[in-house]
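Let the hints inform the model, and build the full structure from the sequences given.
Residue numbers (my numbering), protein chains in the order written: chain A, 6 to 154; chain B, 6 to 154; chain C, 6 to 154; chain D, 6 to 154; chain E, 6 to 154; chain F, 6 to 154.
Hint data in this document are derived by calculation from the structure and do not stem from the laboratory.
Incorrect hints may appear among the rest.
Cut-off 25 Å, straight-line C-alpha distance, at most; resulting in silico cross-link-like pairs (SDA-like, lysine to any residue) [said to hold, decoys possible]:
#1 B:K27 x B:T113
#2 A:K139 x B:K135
#3 A:K112 x E:P28
#4 D:K154 x C:V137
#5 B:K16 x D:V22
#6 A:K154 x C:E91
#7 E:K139 x F:A25
#8 E:K95 x F:A25
#9 C:K48 x D:S145
#10 D:K27 x C:D138
#11 A:K151 x C:K48
#12 B:K153 x D:Q30
#13 A:K48 x A:Q102
#14 F:K139 x E:A15
#15 C:K139 x D:R26
#16 B:K112 x F:V24
#17 B:K139 x A:K139
#18 B:K135 x A:K48
#19 C:K139 x D:K135
#20 F:K27 x D:E91
#21 F:K153 x F:Q20
Only a predicted model underlies this, so the values are computations on that prediction, with no experimental measurement involved.
There are 6 protein chains.
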Amino acid sequence: MKRRLSHLTAKGEAQMVNVARKPDQARRAIAEGAVRCGAATLKLLRDGKVPKGDVFAVARIAAIQAAKRTSELIPLCHPLPIHVVEVDLKIAHDAVQIRATVETIGKTGVEMEALTAVAAAALTIYDMCKAVDKQMTIESVRLLEKSKK
Amino acid sequence: MKRRLSHLTAKGEAQMVNVARKPDQARRAIAEGAVRCGAATLKLLRDGKVPKGDVFAVARIAAIQAAKRTSELIPLCHPLPIHVVEVDLKIAHDAVQIRATVETIGKTGVEMEALTAVAAAALTIYDMCKAVDKQMTIESVRLLEKSKK
Amino acid sequence: MKRRLSHLTAKGEAQMVNVARKPDQARRAIAEGAVRCGAATLKLLRDGKVPKGDVFAVARIAAIQAAKRTSELIPLCHPLPIHVVEVDLKIAHDAVQIRATVETIGKTGVEMEALTAVAAAALTIYDMCKAVDKQMTIESVRLLEKSKK
Amino acid sequence: MKRRLSHLTAKGEAQMVNVARKPDQARRAIAEGAVRCGAATLKLLRDGKVPKGDVFAVARIAAIQAAKRTSELIPLCHPLPIHVVEVDLKIAHDAVQIRATVETIGKTGVEMEALTAVAAAALTIYDMCKAVDKQMTIESVRLLEKSKK
Amino acid sequence: MKRRLSHLTAKGEAQMVNVARKPDQARRAIAEGAVRCGAATLKLLRDGKVPKGDVFAVARIAAIQAAKRTSELIPLCHPLPIHVVEVDLKIAHDAVQIRATVETIGKTGVEMEALTAVAAAALTIYDMCKAVDKQMTIESVRLLEKSKK
Amino acid sequence: MKRRLSHLTAKGEAQMVNVARKPDQARRAIAEGAVRCGAATLKLLRDGKVPKGDVFAVARIAAIQAAKRTSELIPLCHPLPIHVVEVDLKIAHDAVQIRATVETIGKTGVEMEALTAVAAAALTIYDMCKAVDKQMTIESVRLLEKSKK
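Written out as structure tokens, the structure is:
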């Protein structure tokens with residue numbers, strides 16, 4: 006099986022993939038990731054004096070805003086109309102779990118938008134908790150589902 | 006030990022930390038992360054027909070550009086002058102390893118800039134390899150070192 | 006009558022409204038607002054040595070540019086193609102009156118784009134006149150008309 | 006008294022004010038404004054099923070983000086390091102009241118940053134409530150205090 | 006023949022051209038330009054120790070990124086979906102030659118996107134070579150071809 | 006004489022130059038360029054029904070805005086505080102002449118900011134005149150002066 010990176014020309018130069026002749030289709034992508042935190046941090050987020058509300062609200066907004074600007078961050082991404090970004094955050098036993106769903110109708114998929122949303126939410130949670138937890142890591146950022154119809 | 010998230014007010018509202026009274030200091034942060042890839046993808050990057058040059062060049066630029074715009078992506082980050090961003094990429098046995106170093110002279114640290122650089126490089130590598138590898142994950146994005154003097 | 010904010014989930018979390026299934030329609034919105042100024046400021050703008058031309062030219066450009074970036078400024082707005090932004094500025098007896106009209110063909114209305122254009126024009130006029138007038142206020146920013154067909 | 010708009014040259018052309026020779030000083034500005042809403046909207050925000058939390062969280066983030074980008078929105082503003090943005094939102098009898106405080110150490114004041122923060126918060130509240138209230142207006146956006154030392 | 010600048014109203018005020026009633030058509034534009042350099046600079050780029058790879062890779066990315074943001078840079082440009090940006094760079098006898106091709110399906114042409122891509126590539130090459138060459142000039146930035154169907 | 010491009014590592018990878026140890030100095034750069042136009046276009050701009058005012062006002066604003074965002078457009082540029090951007094436009098016998106002066110106090114020069122301002126003004130003039138002149142070219146964009154003290 007011959008495989009080639011579609012973002013590189015035969016000479017190995019970076020390029021955008023030409024999507025001009027692709028049809029507009031309804032597209033959806035779901036990505037997930039996690040911010041691994043200490044138990045004390047999760048407790049602060051879960052039931053402490055510090056309401057989790059705003060940390061998660063800020064992370065959700067960061068994710069939505071980043072998804073809309075994916076083509077500015079990832080050099081070879083196409084600008085796409087974004088029809089919705091949904092961001093779910095929940096506290097698991099050793100991490101905050103992040104899931105982002107992005108939908109559009111367009112000529113190319115939205116997996117990078119979903120992954121970018123997850124990364125931005127993770128970085129924002131990290132930023133807001135870093136004063137109390139020096140050991141956090143962002144883990145397992147990956148695509149769960151990509152579909153079109 | 007009483008701990009509070011400095012990005013939240015006593016009422017739990019998100020806030021920027023006021024850094025106006027902090028001194029300007031030379032600050033450095035180093036972050037790392039990895040894009041776990043299949044062996045075939047790494048082979049393509051390492052010695053295949055497809056030169057790794059441009060994939061890594063694009064990822065490096067994405068990282069530098071994202072570091073400079075961290076305060077737009079992470080809602081409560083302060084805008085900072087960025088004096089250098091260094092990005093090292095290397096191919097390990099099952100992943101592309103990313104390391105970013107950021108330096109500034111300013112009133113607050115640059116760990117979010119370093120982590121954002123790593124995340125942007127990882128997302129860009131993902132974007133450029135996703136046509137040939139559907140199983141990649143971004144792993145272990147974390148701060149290695151943070152210093153000031 | 007039951008009413009719910011469509012930008013909040015049942016749990017009260019912020020969300021984008023999913024517009025993927027809405028039809029593309031021709032949409033127009035008109036918004037207005039005013040910068041209340043002192044008589045001396047209005048005189049400077051109207052017939053003084055200082056030509057009003059450039060103040061208004063700068064405000065008009067600021068309005069057009071802001072309308073195009075509404076989805077970056079208002080977190081839950083959808084990115085939309087903007088087909089035209091018209092900005093009318095005129096000097097009334099105690100204020101500069103601003104009116105902005107925005108048109109697109111898309112899945113959601115452009116009232117936020119029109120309101121954002123008015124706000125940006127108002128802030129720009131404020132910025133350019135603030136050295137001579139410390140008492141300005143921005144007033145009555147509101148939607149005049151919203152239509153689709 | 007001769008007065009001239011400092012943002013216009015003698016020929017009436019728009020210009021940035023040259024601040025290169027001004028000293029760095031600690032500067033603060035406070036601005037306020039309001040979104041006039043119907044009683045039902047305020048009730049929804051205050052004690053309804055819909056928690057006010059997230060509407061205000063989103064508005065606060067929009068304000069902070071806009072303050073940091075003021076020099077992109079207002080053409081003749083100087084880019085400034087922003088050391089803190091504080092945003093207070095409260096429900097009054099016929100409006101949501103917004104107050105923003107911005108501090109920096111720099112060569113020019115931050116009143117435009119504070120006013121831009123108020124405008125962005127107001128537009129965001131408008132956006133999130135517009136599905137249930139067609140009569141909102143943004144009122145009385147003005148500078149309350151500006152100081153340096 | 007009566008001619009009028011379509012970007013100015015009858016009163017001479019700047020305006021966006023209203024494209025709402027134009028059909029969506031496949032559109033392409035090709036622009037070119039050059040960075041005139043000294044022979045030593047071209048030799049460095051061509052066969053020296055310093056690989057030209059990354060200079061050109063960075064310029065290509067800068068061009069693609071700028072093309073996508075044309076409507077932010079050129080005040081009266083419409084935001085457009087960009088379906089591809091191709092950037093060709095080659096070393097001629099006294100200059101680096103730049104050619105950019107942009108395609109979209111939209112209501113207005115992409116010549117400004119192609120010209121903006123060329124300008125950004127030229128400025129980036131200038132930036133990367135300026136330490137060794139103080140005499141560079143950017144020349145002959147122009148539209149080669151514009152078509153729709 | 007050994008010469009090396011400071012934006013490339015020994016391995017030829019793109020990098021930002023580390024300016025953390027450079028002193029803050031007052032810096033100024035002046036750049037120029039031209040948009041070559043047909044006589045009819047220049048006549049329209051000079052004395053026609055179409056006032057030149059707004060074309061030049063828009064170009065001037067585009068130049069100022071672009072100068073402030075240079076570090077977003079040119080990948081390896083450092084973000085800098087910009088203390089003033091002056092833009093002079095004049096009509097010569099076969100072209101519109103553009104000159105931009107940028108000043109800052111910082112660790113690195115502002116020649117890229119001045120050149121970027123000239124390029125943005127040129128592209129904007131091109132955009133506003135392209136409906137009446139298909140033969141314009143942007144010429145002789147170059148640095149006139151660069152100083153520090």
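Taking the hints in turn, this is what the structure says about them:
{"no.": "1", "hint": "B:K27 x B:T113", "verdict": "8 Å, holds"}
{"no.": "2", "hint": "A:K139 x B:K135", "verdict": "32 Å, violated"}
{"no.": "3", "hint": "A:K112 x E:P28", "verdict": "18 Å, holds"}
{"no.": "4", "hint": "D:K154 x C:V137", "verdict": "22 Å, holds"}
{"no.": "5", "hint": "B:K16 x D:V22", "verdict": "40 Å, violated"}
{"no.": "6", "hint": "A:K154 x C:E91", "verdict": "37 Å, violated"}
{"no.": "7", "hint": "E:K139 x F:A25", "verdict": "24 Å, holds"}
{"no.": "8", "hint": "E:K95 x F:A25", "verdict": "34 Å, violated"}
{"no.": "9", "hint": "C:K48 x D:S145", "verdict": "22 Å, holds"}
{"no.": "10", "hint": "D:K27 x C:D138", "verdict": "21 Å, holds"}
{"no.": "11", "hint": "A:K151 x C:K48", "verdict": "61 Å, violated"}
{"no.": "12", "hint": "B:K153 x D:Q30", "verdict": "24 Å, holds"}
{"no.": "13", "hint": "A:K48 x A:Q102", "verdict": "15 Å, holds"}
{"no.": "14", "hint": "F:K139 x E:A15", "verdict": "22 Å, holds"}
{"no.": "15", "hint": "C:K139 x D:R26", "verdict": "24 Å, holds"}
{"no.": "16", "hint": "B:K112 x F:V24", "verdict": "17 Å, holds"}
{"no.": "17", "hint": "B:K139 x A:K139", "verdict": "32 Å, violated"}
{"no.": "18", "hint": "B:K135 x A:K48", "verdict": "37 Å, violated"}
{"no.": "19", "hint": "C:K139 x D:K135", "verdict": "32 Å, violated"}
{"no.": "20", "hint": "F:K27 x D:E91", "verdict": "33 Å, violated"}
{"no.": "21", "hint": "F:K153 x F:Q20", "verdict": "24 Å, holds"}
The structure shown violates the earlier hints numbered 2, 5, 6, 8, 11, 17, 18, 19 and 20.
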